[in-house]
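Input sequences plus hints: build the corresponding full structure.
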Amino acid sequence: MQLGSKAGYAPATMPLRNVFGEALLDVATDNPRVVVLDGDLGNSTMAETVRKAYPERFFNLGIAESNLVGVGAGLAACGLIPWITSFSSFLLCNAYDQIRLAIALSNINAKVLGSHGGITLGKDGPTQMGIEDFALVGGLPTFTMLVPSDPVSMRALVKLATDHVGPVWLRSSRLPLPVIYDEESTFKIGQANIVRQGDDVAIIACGIMTAIALDAAADLAAEGIEARVIDLLSLRPLDVDTIVAAARDTGAVVTAEEHLLTGGMGSNVARVIAQHHPVPMRFVGLADTYTESADPADLLVKYHLTADDIAAAARDAVAAKRAQG
Amino acid sequence: MLTDLELQLKSIEYRATILRIIKQARAGHTGGDLSSIDILNVLYNNVMQVSPATFADPNRDRYVQSKGHCVEALYTVLADQGYFPQEELDTLCQYQSHFVGHPTRSVPGIEQNTGALGHGLAVAGGMALAAKLDGRSYRVFTLLGDGELAEGSNWEASLAASHYRLDNLVVIVDRNRLQISGNTETVAPLEPLHEKFAAFGYAVREVDGNDPAALMDIFNRVPFEAGKPNLVLANTVKGKGVSFMENSVKWHHRVPTDEEYATAMRELDEARAKLTAQASEAGQRRYPVHA
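Here the protein sequences come in this chain order: A and B. Heads up, the first sequence is in our numbering, so the first residue is 1 and it goes up one at a time. Heads up, the second sequence is in our numbering, so the first residue is 326 and it goes up one at a time.
A couple of the hints might just be wrong.
[Claimed, not checked] Derived contacts from chain B toward chain A, CB cut-off under 8 Å, selection only:
| id | residue |
| --- | --- |
| 1 | Ile337 |
| 2 | Ala381 |
| 3 | Pro383 |
| 4 | Ala441 |
| 5 | Gly450 |
| 6 | Gly451 |
| 7 | Leu454 |
| 8 | Leu458 |
| 9 | Gly460 |
| 10 | Glu481 |
Read the hints as simulated data drawn from the structure, not as lab findings. Quick reminder that beta carbons are idealized off the backbone N, C-alpha and C, glycines included.
In structure tokens form, the structure reads like this:
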């Protein structure tokens with residue numbers, strides 16, 4: 001499985017979580033106020049890069065997520081910039097109350113890394129998979145929510161998150177992702193990036209689904225359907241202008257996310273489109289289900305998160321548009 | 326720095342204010358406010374190095390009220406300290422007031438939002454850790470209810486406080502032995518509590534949490550032991566200071582009727598008169614200034 005290969009991107013070289021580790025080390029090097037909190041998973045989230053370089057600013061608080069978040073809030077309240085790091089499933093499901101009260105409601109300047117987003121961690125199975133983070137962080141009104149899609153965007157968004165004043169959630173995941181962006185690319189909180197032009201259908205994706213959407217767009221192009229692929233990147237705030245322009249210009253929209261459809265990114269995009277420029281929409285994501293343990297490639301096939309699934313949804317949306325005349 | 330007599334008179338004044346604003350708002354946590362007010366009184370008037378003028382100073386002492394539901398006590402003391410005008414207390418829980426039913430950073434003088442239980446200790450631990458990291462000498466005080474000790478997060482935070490040797494952290498437990506549905510020892514038994522805290526690495530001291538002089542004496546001894554977080558097990562009486570509210574579960578969050586309010590105020594007036602009379606006989610005792 002080489003994501004992005006149909007679209008012509010070079011094979012990925014480094015798992016996204018490793019890129020996070022490098023990016024975190026960069027911001028810790030640049031800013032002495034950055035501290036890193038670990039829930040005993042630093043060698044999985046790759047936050048351990050900071051432990052090795054700056055042990056005095058790295059705190060492994062053990063397997064205790066509620067305390068991890070609370071301590072992070074206390075450090076932030078005293079002017080430090082904590083990166084609170086663990087699997088998104090453990091942070092959100094164990095310490096949601098703390099994230100809500102100590103960070104979100106207090107509007108504290110803390111950064112949270114939710115690693116192992118989606119189902120592509122594979123063999124460790126559904127207890128470890130973060131498939132509800134968009135919905136749960138969506139329930140925290142003061143949080144900015146960022147989802148990098150490649151190594152370049154990961155580096156940029158870790159820096160943007162660190163510099164932003166206020167709570168930020170950032171998703172990482174385990175698979176290697178191809179380089180989509182180049183040195184000229186720009187990133188801003190609240191800015192979605194158009195990574196492929198097209199006017200027949202828009203595919204709005206995030207995380208690993210952006211590379212998969214680009215593969216789908218390559219297949220669709222062979223059939224004469226030109227898809228605009230939008231990498232959402234910022235799930236809150238949403239780039240309303242780019243989303244509405246996509247609906248207006250293409251008349252058919254597909255969303256693609258490695259997350260439950262209920263409460264997911266697609267439902268928020270649909271809210272924007274329904275209000276500003278209603279067009280036929282289709283949604284690629286996880287149905288109301290948990291997965292088994294398996295190879296990530298097999299899971300993507302079984303749970304309908306492949307380029308073929310996105311292409312089929314796009315054809316369907318285009319057909320619906322044409323049927324409307 | 327207030328004298329013992331002045332502290333005792335303050336506590337009576339605070340109790341009267343708490344009952345007044347709860348009655349007016351028709352909401353509040355009467356019993357816990359009254360059990361913890363002597364602790365807040367001593368902390369804010371005589372122990373903590375913080376004031377409205379120094380609230381932005383990174384060296385200020387911090388206070389985090391984990392038992393957030395007893396916010397009326399905190400608002401009352403903050404008003405008296407001059408963080409905001411006394412009359413703003415009358416907007417408690419009113420439409421468009423930022424004096425909401427649990428502590429919020431929107432109110433001047435409040436460090437951290439609390440209210441869901443089991444939150445304060447971890448946050449206070451983070452603040453104490455920040456002091457160590459930044460080489461600052463401030464102390465962090467946090468007040469916990471005893472009922473909320475059933476939250477596992479407190480024990481997670483205790484492991485960390487001990488591990489990081491947070492002797493600048495002062496954890497005060499308002500041990501009034503009652504929670505909303507009954508006695509702590511029948512709902513989710515805590516005893517032997519002193520031994521549990523000691524086993525988690527605290528230097529533990531027990532004190533009569535409704536006796537300002539005893540509280541002063543304990544807080545003057547912080548840190549109790551170098552390298553250990555401080556735990557003040559403050560034995561208190563829920564509803565303290567009003568006879569019919571004392572040790573009564575129903576006063577956890579009951580609002581007094583007109584008649585109950587009048588009786589309570591009369592009792593507080595009598596206590597004030599008695600105290601003043603005693604003082605004029607015995608003379609005032611002044612406490613040594615905290616180093």
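Results for each hint:
1. Ile337: Interface hint status for Ile337/B: violated (33 Å vs cutoff 8 Å).
2. Ala381: Violated - the Cβ of Ala381/B stays beyond 8 Å from chain A, reaching only about 11 Å at its closest.
3. Pro383: holds (7 Å)
4. Ala441: holds (5 Å)
5. Gly450: holds (5 Å)
6. Gly451: Holds, because the Cβ-Cβ distance from Gly451/B to chain A comes to roughly 2 Å (cut-off 8 Å).
7. Leu454: Hint on Leu454/B: holds, closest Cβ of chain A at ~6 Å, below 8 Å.
8. Leu458: With Cβ-Cβ at 7 Å, under 8 Å, it holds.
9. Gly460: Nearest chain A Cβ about 12 Å off; hint violated.
10. Glu481: holds (4 Å)
When held up to the earlier numbered hints, the structure conflicts with 1, 2 and 9 and fits the remainder.
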